[in-house]
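Here the structure of chain A is known, so what remains is to put chain B in place on it, guided by the hints.
Keeping their order, the protein sequence lines are chains A and B.
1 is the number of the first residue of the first sequence in UniProt numbering; add one for each residue after it.
1 is the number of the first residue of the second sequence in UniProt numbering; add one for each residue after it.
It is worth saying that the hints were derived from the structure and are not from the lab.
Think of the CB as a built atom: it goes at the ideal place given N, C-alpha and C, for glycine as much as any other residue.
Some clues are possibly wrong.
Claimed, not checked - Simulated DEER-style distance windows between Cβ atoms:
1) A:38 with B:219: 21 to 31 Å
2) B:201 with A:178: 36 to 46 Å
3) B:119 with A:48: 53 to 63 Å
4) A:259 with B:26: 49 to 59 Å
5) A:220 with B:136: 45 to 55 Å
6) B:11 with A:60: 29 to 39 Å
What the hints assert, rightly or not - The list that follows gives simulated cross-link-like pairs (lysine-lysine, DSSO-like), each with its CA atoms no further than 27 Å apart:
7) A:199 with A:279
8) A:50 with A:117
9) A:279 with A:50
10) A:52 with B:79
11) A:199 with B:114
12) A:279 with A:117
13) B:79 with A:279
14) A:50 with B:79
15) A:117 with B:140
16) A:199 with B:139
17) A:52 with A:199
As the list claims (entries may be wrong) - Coverage of chain A stretches by chain B, computed from C-beta distances (three or more under 8 Å per stretch; other residues unrestricted):
18) 24-30
19) 41-50
20) 125-131
21) 162-168
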Amino acid sequence: MSETTTTERAPSVYVPSAEALATVLAPGARPRRPSALGASLTFGWRALLKIKHVPEQLFDVTAFPIIMVLMFTYLFGGALADSPRDYLQFFLPGIMVTSVVMITMYTGIGLNTDIEKGIFDRFRTLPVWRPAALVGMIFGDVLRYILAALVILGVGLALGFRPDGGVAGVAAGIGLLVVFSFAFSWVWTFFGLILRSEKSVMGVSMMVLFPLTFLSNVFVEPSTMPGWLQAFVKVNPVTQLVASVRAVMAGESDPSATMWLLAWSVGFVLVFGTLTMYKYNRR
Amino acid sequence: MNRRSTGLAIEAEGLTRSFGETRALAGMDLRVPAGTVYGLLGPNGAGKTTAVRVLATLLRPDGGTARVFGHDVVTEADKVRSRVSLTGQYASVDEDLTGTENLVLLARLLGLRKPAARERAAALLAAFGLTEASDRQVKKYSGGMRRRIDIAASILNTPDLLFLDEPTTGLDPRSRNQVWEIVRAVVSHGTTVLLTTQYLDEADQLAGRIAVVDHGRVIAEGTPGELKSSVGSGTVHLRLREPNQRPQAELVLREALDVPVQLAADPVALTARVGEAGSDLDASAQAARALGDLARAGIVVDDFSLGQPSLDEVFLALTDHPAVSADERDDELEAAR
Numbered sequence: 001m002s003e004t005t006t007t008e009r010a011p012s013v014y015v016p017s018a019e020a021l022a023t024v025l026a027p028g029a030r031p032r033r034p035s036a037l038g039a040s041l042t043f044g045w046r047a048l049l050k051i052k053h054v055p056e057q058l059f060d061v062t063a064f065p066i067i068m069v070l071m072f073t074y075l076f077g078g079a080l081a082d083s084p085r086d087y088l089q090f091f092l093p094g095i096m097v098t099s100v101v102m103i104t105m106y107t108g109i110g111l112n113t114d115i116e117k118g119i120f121d122r123f124r125t126l127p128v129w130r131p132a133a134l135v136g137m138i139f140g141d142v143l144r145y146i147l148a149a150l151v152i153l154g155v156g157l158a159l160g161f162r163p164d165g166g167v168a169g170v171a172a173g174i175g176l177l178v179v180f181s182f183a184f185s186w187v188w189t190f191f192g193l194i195l196r197s198e199k200s201v202m203g204v205s206m207m208v209l210f211p212l213t214f215l216s217n218v219f220v221e222p223s224t225m226p227g228w229l230q231a232f233v234k235v236n237p238v239t240q241l242v243a244s245v246r247a248v249m250a251g252e253s254d255p256s257a258t259m260w261l262l263a264w265s266v267g268f269v270l271v272f273g274t275l276t277m278y279k280y281n282r283r
Numbered sequence: 001m002n003r004r005s006t007g008l009a010i011e012a013e014g015l016t017r018s019f020g021e022t023r024a025l026a027g028m029d030l031r032v033p034a035g036t037v038y039g040l041l042g043p044n045g046a047g048k049t050t051a052v053r054v055l056a057t058l059l060r061p062d063g064g065t066a067r068v069f070g071h072d073v074v075t076e077a078d079k080v081r082s083r084v085s086l087t088g089q090y091a092s093v094d095e096d097l098t099g100t101e102n103l104v105l106l107a108r109l110l111g112l113r114k115p116a117a118r119e120r121a122a123a124l125l126a127a128f129g130l131t132e133a134s135d136r137q138v139k140k141y142s143g144g145m146r147r148r149i150d151i152a153a154s155i156l157n158t159p160d161l162l163f164l165d166e167p168t169t170g171l172d173p174r175s176r177n178q179v180w181e182i183v184r185a186v187v188s189h190g191t192t193v194l195l196t197t198q199y200l201d202e203a204d205q206l207a208g209r210i211a212v213v214d215h216g217r218v219i220a221e222g223t224p225g226e227l228k229s230s231v232g233s234g235t236v237h238l239r240l241r242e243p244n245q246r247p248q249a250e251l252v253l254r255e256a257l258d259v260p261v262q263l264a265a266d267p268v269a270l271t272a273r274v275g276e277a278g279s280d281l282d283a284s285a286q287a288a289r290a291l292g293d294l295a296r297a298g299i300v301v302d303d304f305s306l307g308q309p310s311l312d313e314v315f316l317a318l319t320d321h322p323a324v325s326a327d328e329r330d331d332e333l334e335a336a337r
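Bound-form chain A, shown alone (with noise of 0.2 Å):
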């Protein structure tokens, strides 16, 4: 470290030389441009480098499911069930689920945060495969969304969860989960373009997101209400993804509610992924 060297913080000041500028301003061969695939990969570096260096954009993947799990396990369980252990076998997957897709709307608000500071300028101008930036960045946050996955396991595993499925069933809930998420990601770098701030970003998430994840079969079986409320419970895809996360976990499977799931994720991917490169293009 050279900085342990230094006794004085002054900086010694900077005399641009000519010579050393001209080394490198000398206009050297053009490298070939980088894959769809390995610029996005390299936008997603980016992303890690961004936790690392601020470790707190965490606490929204780790606290916040944590909490999640703990309060609705011991506010409904005692209600909805025989126990609190026996709701969360019923209930793990579905707080699985509500946790990592209310984390989608980070993507939006960074996205946001990213525009308003200028470093899309920069991104925007280089010649890389368009979507590459925000691709990147939903990759980053895949990897959030899994990290809140694997928290909100273990502590379901510590409260008493114990899923029939096994491992391997338990890996494909959550591979389900991060298709859906990470296709569902495109609404909010959607909206992360097209609002002005980051708070209207939040708003319109919270909004998109409450009944979404409330009104489905996350908390109760659909059977318990109203019929027009049912409608809308049966068409929500978090209810889909509910239902094929719940079964693949239990050892089973629910391939039309897997099939829906699937059919949403492309839908979201191709509507929101289009709309969300022509606003970035034309910015």
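What follows is chain B alone, placed relative to chain A:
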């Protein structure tokens, strides 16, 4: 090796762009010769940044055309992007990352492999005097260091055209001189530089040609010398001892110089342009004559100076309205984005 063509780096015709009700570009024409520093001079809100954003492919014009090295900025944006680089007014590197990380990230996005990217980053940091700060987060850099890393990031691939949007705004004089030295080095290696600035002396120091921009269009264009002589080569600033002598002083000056005299807000101050094109005397001779006439009229002058016309005065001469910093317009633009 003949990447750098000799013709025009930028050719823009009739560029228009509005944000809501505000016309940021109102038919801007530009012809920037390759291999030079070209200055876009104007106050805040004149449309300089919008012009740069259109030329750097960040913003689509509503009308008009622009070509960069012959490539259309809308239909061949990718070709343009491979030859230009932009250092914007705001953050153009990631403040959370270190200097090295920023440069390695961008070098990799330009296609360098990891070892080559690291090497390039280290060389640039050394040339820009940032080696000691290379492992510090950019948000901990001083203003001058920030600008240097911004510019270093922009020349990672030695672009053929570099956009510098107000590169020295907010810098102390020493940092400003460092940036000027860097710009000179960059252009001496064949990169064309399009520089926006609010300061006439900056454009004067660096630019081979200047376009004066106001309300979204170019209102004057030429070499710094041409522009200044079209405005008058200097301005006389006077401060009198007695405020009640000002009306008389105004008359004497108008007689001696044959130009309009401005009365400043300060009740003892007056200014007048000298060295107008077409005058038989140069600026200093005119000023001397004016001073002599004042003394003979018994008017006591406490303070006298002859200076280059300021941007304000160039503006006043070219537009008949002062170069008020149009901050409200700027906010509007910001809101419209």
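Okay, the hints, checked on the actual structure:
A beta carbon spacing of about 46 Å between residue 38 (chain A) and residue 219 (chain B) contradicts the range 21 to 31 Å that was offered as a hint. Checked against the hint of 36 to 46 Å, the C-beta distance between residue 201 (chain B) and residue 178 (chain A) comes to roughly 57 Å, which is inconsistent with it. The supplied range of 53 to 63 Å is broken by residue 119 (chain B) and residue 48 (chain A), whose beta-carbon atoms lie about 22 Å from each other. As the Cβ distance of residue 259 (chain A) to residue 26 (chain B) is approximately 55 Å, the hint placing it in 49 to 59 Å holds.
For residue 220 (chain A) and residue 136 (chain B), the Cβ-Cβ distance of about 52 Å falls inside the hinted range of 45 to 55 Å, so the restraint holds. Here the CB-CB span from residue 11 (chain B) to residue 60 (chain A) is close to 49 Å, at odds with the stated 29 to 39 Å. Of the supplied pair hints, the one linking residue 199 (chain A) and residue 279 (chain A) holds, its CA atoms being roughly 20 Å apart against a limit of 27 Å. A C-alpha spacing of about 15 Å is found between residue 50 (chain A) and residue 117 (chain A), which places the hinted pair at or below 27 Å, so the restraint holds.
With a CA separation close to 25 Å, the supplied pair residue 279 (chain A) and residue 50 (chain A) stays within the 27 Å bound. The suggested pairing of residue 52 (chain A) with residue 79 (chain B) is violated, with an alpha-carbon distance near 35 Å, which exceeds 27 Å. The straight-line distance between the Cα atoms of residue 199 (chain A) and residue 114 (chain B) is roughly 38 Å, outside the 27 Å bound, and the hint therefore fails. About 18 Å separates the Cα atoms of residue 279 (chain A) and residue 117 (chain A), which keeps this hinted pair within 27 Å; it holds.
A threshold of 27 Å between alpha carbons decides the hint, and for residue 79 (chain B) with residue 279 (chain A) the separation of about 21 Å falls inside it, so the pair holds. Restraint check: the Cα-Cα separation between residue 50 (chain A) and residue 79 (chain B) comes to about 31 Å, which exceeds 27 Å; the hinted pair is violated. Taking the CA atoms of residue 117 (chain A) and residue 140 (chain B), the gap is about 16 Å. The hint holds against a cut of 27 Å. A hinted pair counts as satisfied when its Cα atoms are at most 27 Å apart, and residue 199 (chain A) with residue 139 (chain B) qualifies at roughly 23 Å.
With a C-alpha separation of about 25 Å, the suggested pair residue 52 (chain A) and residue 199 (chain A) falls inside the 27 Å cut-off, and the hint holds. Requiring three or more residues with a Cβ within less than 8 Å of a Cβ of chain B, the coverage given for the region 24-30 of chain A holds, as 6 such residues are present. Residues of the region 41-50 of chain A lying with their CB closer than 8 Å to a CB of chain B number 6, which satisfies the three-residue condition for coverage. Residues of the region 125-131 of chain A lying with their CB closer than 8 Å to a CB of chain B number 4, which satisfies the three-residue condition for coverage.
Requiring three or more residues with a Cβ within less than 8 Å of a Cβ of chain B, the coverage given for the region 162-168 of chain A is violated, as only 0 such residues are present.
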